[in-house]
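**Student:** Residue strings, one per chain:
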Amino acid sequence: GAGVSQSPRYKVAKRGQDVALRCDPISGHVSLFWYQQALGQGPEFLTYFQNEAQLDKSGLPSDRFFAERPEGSVSTLKIQRTQQEDSAVYLCASSLAQLGLEGPYNEQFFGPGTRLTVL
Amino acid sequence: KNEVEQSPQNLTAQEGEFITINCSYSVGISALHWLQQHPGGGIVSLFMLSSGKKKHGRLIATINIQEKHSSLHITASHPRDSAVYICAVRSYNTDKLIFGTGTRLQVFP
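Protein chains in written order, with my numbering: chain A, 15 to 133; chain B, 4 to 112.
One or more hints might be untrue.
Claimed, not checked - Here are the simulated BS3-like cross-link-like pairs (lysine-lysine), alpha carbons at most 27 Å apart as the crow flies:
# : chain 1 : residue 1 : chain 2 : residue 2
1 : B       : Lys-71    : B       : Lys-56
2 : B       : Lys-71    : A       : Lys-92
3 : B       : Lys-99    : A       : Lys-71
4 : A       : Lys-71    : A       : Lys-92
5 : B       : Lys-99    : B       : Lys-57
6 : B       : Lys-71    : B       : Lys-99
No lab work stands behind these hints: they were computed from the structure.
Turn these sequences into a full structure, and let the hints steer you where they fit.
**Tutor:** See the structure below:
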């Protein structure tokens with residue numbers, strides 16, 4: 015299909031390990047978002063890219079979290095020295111629109127998420 | 004206080020019942036989204052609206068911008084409607100979504 019894909023779907027890490035989560039957005043989508051969803055909670059914004067530029071990283075909880083989108087398509091969210099509180103589902107979404115444009119192009123399409131469990 | 008509040012948190016219904024889920028928000032928005040999340044994490048966008056009312060099949064979404072309130076209605080509910088329904092708003096000048104905590108709906112046959 016042509017939807018947003020994420021890998022791996024499930025990741026178990028020992029505390030202190032580094033992890034890398036991948037997001038493949040819909041081809042041609044300009045905007046890419048990462049969200050963190052703790053168990054029983056709604057998703058929370060982590061960071062936003064417009065093409066390769068990271069325009070907003072205000073939601074990243076600590077400097078252990080790092081995201082990149084070097085060629086403006088695939089994005090990787092890296093978490094260094096994982097802690098138990100990092101356990102969550104990490105969701106990626108993409109949209110066609112550039113920041114500030116109105117209309118249906120702003121609709122965000124979500125990937126299936128990566129469930130990270132830190133032991 | 005959360006910027007996006009949903010009620011109820013949990014909802015059970017018998018098949019065929021009319022369902023209403025409410026969402027209130029406290030920030031200025033450019034759009035409001037209703038999302039459906041099934042077990043396993045996948046999120047599907049149901050509606051994106053900035054005024055009035057939208058209908059898709061058995062689903063109806065309304066928004067009152069002045070009152071900062073939106074409702075999602077499901078007519079003739081079915082067990083396959085069982086999921087978590089999440090309200091999310093997009094604030095002015097940013098595409099960042101602010102999410103409610105979701106309403107867990109279970110529809111029994």
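**Student:** Against this structure, judge whether each hint is valid.
**Tutor:** Here's how the hints hold up against the structure:
1. Lys-71/B to Lys-56/B: Satisfied, since the Cα-Cα distance of roughly 14 Å is no more than 27 Å.
2. Lys-71/B to Lys-92/A: violated (37 Å)
3. Lys-99/B to Lys-71/A: Holds - the C-alpha atoms of Lys-71/A and Lys-99/B are around 11 Å apart, at most 27 Å.
4. Lys-71/A to Lys-92/A: holds (13 Å)
5. Lys-99/B to Lys-57/B: Roughly 22 Å separates the two Cα atoms, so the pair holds.
6. Lys-71/B to Lys-99/B: holds (18 Å)
Figure legend: structure checked against the earlier numbered hints; the only hint not met is number 2.
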